[in-house]
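K.L.:
Each chain, letter by letter, is given below.
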Amino acid sequence: GAVVSQHPSRVICKSGTSVKIECRSLDFQATTMFWYRQFPKKSLMLMATSNEGSKATYEQGVEKDKFLINHASLTLSTLTVTSAHPEDSSFYICSARSGDRNSPLHFGNGTRLTVT
Amino acid sequence: AQKVTQAQTEISVVEKEDVTLDCVYETRDTTYYLFWYKQPPSGELVFLIRRNSFDEQNEISGRYSWNFQKSTSSFNFTITASQVVDSAVYFCALYANRDDKIIFGKGTRLHILP
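Protein sequences appear in the order of chains A and B. The C-terminal position of the first sequence is numbered 121 in our numbering, with every residue numbered one higher than the one before it. The C-terminal position of the second sequence is numbered 952 in our numbering, with every residue numbered one higher than the one before it.
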C-alpha cells in the first residue's frame, strides 16, 4: 500500500517553455503533499508543501511564480516549472503522507528535468 | 531550528562487513520523529524506519538495526553482513511537530564492494 506515482519520470524541454509534473497517491488520500528538489549527489531540499484545496506553502528562497503548485484533489498534486531555464534542471520528487502529521512520507519515483 | 547531520559523506566496505551510518539531529521540540530512507541508483526513495522521540528502544529488522540515543541526539543505522545490493545513498530525516515538515540530512553514499 501507500503508493505514490509521479509522471513523467524524465522530461527534456527547451528554455522558456513550461513543464508540468504530476504526483498521484494511488491507494490513499493525501491532504498534504510535499515537493522536493535534489541536485546531483546532494540532499533533498523541500520546495513547498501542497495542501488540498488551498495555496501551497513555499520554503524560503523558492519562487512561487516559477514553481506553480496545484493540489486540486486528495489524490493529485501538480508542479509546473514555468519559463524553464537550464538552472532548473534537477531531480524533482514528490511525496505524500498516508496518515497523520508524523506518519512517514511515501515518495514518487522522481522526475528528472533537463532544460536545454 | 531543525537540523540533521550525516557526517559521513561516503563509505566503502567490502561485502559481508558490518557498517554503521551516523546521524545526529537538532530540534527544539520534545515530540519528534526520526526516519531513515534508502535511495538506490535508480533514484526512488524507500522508507526504512520511523522512530518517535519517546521510544528509545533499539530496533532490528533482518540485517538492519537502529540505535536511537536521545542523550547524544543520535539515530545511527547499522547494516550487518552487508551485501552489494545495499549500495545506495541513505538519508536520515527529522520531523518535528512545530514545523510540520520533514528535513533531510545530506545523505551517506554507501558502496559495498564485492
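Do not take every clue at face value.
According to the in silico footprint, chain B covers these stretches of chain A (three or more CB under 8 angstroms from chain B) [to be verified]: (1) 24 to 33; (2) 96 to 106; (3) 109 to 121.
Calculated pairs, DSBU-like style, for lysine-lysine (alpha carbon to alpha carbon, straight line, at most 30 angstroms) [claimed, not checked]: (4) B/K841 <-> B/K876; (5) A/K69 <-> A/K46; (6) A/K47 <-> B/K876; (7) A/K25 <-> B/K944; (8) A/K47 <-> B/K944; (9) B/K841 <-> A/K69; (10) A/K60 <-> B/K939; (11) B/K876 <-> B/K944; (12) B/K944 <-> A/K46; (13) B/K944 <-> A/K71; (14) B/K939 <-> A/K69; (15) A/K47 <-> A/K71; (16) B/K908 <-> A/K69; (17) A/K19 <-> A/K69; (18) A/K60 <-> B/K944; (19) B/K876 <-> B/K854; (20) B/K841 <-> A/K71; (21) A/K46 <-> B/K854; (22) A/K25 <-> B/K908; (23) B/K939 <-> A/K71; (24) B/K939 <-> A/K46; (25) B/K854 <-> A/K25; (26) A/K47 <-> B/K841; (27) B/K841 <-> A/K60; (28) A/K60 <-> A/K25; (29) A/K46 <-> A/K71; (30) B/K854 <-> A/K47.
Simulated coverage check for chain B against chain A, where a stretch passes if three residues somewhere in it have a Cβ under 8 angstroms from a Cβ of chain A [unchecked claim]: (31) 857 to 865; (32) 872 to 883; (33) 906 to 920.
Quick caveat, the hints were computed from the structure, so don't treat them as lab data. For glycine and all other residues, C-beta sits at the position ideal for the given N, C-alpha and C.
K.L.:
If you look at each residue in the region 109 to 121 of chain A, do at least three have a Cβ nearer than 8 angstroms to any Cβ of chain B?
P.N.:
holds (count 8)
K.L.:
Would the pair B/K944 and A/K46 pass a check requiring their Cα atoms to be no farther apart than 30 angstroms?
P.N.:
Holds, at about 9 angstroms.
K.L.:
Holds or violated: are the alpha carbons of A/K46 and B/K854 at most 30 angstroms from each other?
P.N.:
OK: A/K46 and B/K854 at ~26 angstroms, within 30 angstroms.
K.L.:
Are A/K69 and A/K46 close enough, with their CA atoms no more than 30 angstroms apart?
P.N.:
It holds: about 25 angstroms lies between the C-alpha atoms, which stays within 30 angstroms.
K.L.:
For the pair supplied as a hint, B/K939 and A/K69, confirm whether the alpha-carbon distance does not exceed 30 angstroms.
P.N.:
18 angstroms, holds
K.L.:
Taking 8 angstroms as the Cβ threshold, is the statement that the region 24 to 33 of chain A is covered by chain B upheld or broken by the three-residue rule?
P.N.:
violated (count 0)
K.L.:
Does the alpha-carbon distance linking B/K876 and B/K854 stay inside the 30 angstroms limit?
P.N.:
19 angstroms, holds
K.L.:
Between B/K841 and A/K71, does the CA-CA distance stay at or below 30 angstroms?
P.N.:
Holds, because 27 angstroms separates the two Cα atoms, which is no more than 30 angstroms.
K.L.:
With a Cβ-Cβ cutoff of 8 angstroms, does the region 857 to 865 of chain B contain at least three residues near chain A?
P.N.:
With 0 residues close enough to chain A, the hint is violated.
K.L.:
Please check whether the region 872 to 883 of chain B has three or more residues whose CB lies within less than 8 angstroms of a CB on chain A.
P.N.:
Per the Cβ count (6), the hint holds.
K.L.:
Between B/K939 and A/K46, does the CA-CA distance stay at or below 30 angstroms?
P.N.:
The hint holds at about 22 angstroms.
K.L.:
Are the Cα atoms of B/K841 and A/K60 separated by 30 angstroms or less?
P.N.:
The given pair, whose Cα atoms are some 26 angstroms apart, holds under the 30 angstroms limit.
Of the numbered hints stated above, those contradicted by the structure are hints 1, 16, 22, 25, 31, 33, listed in ascending order.
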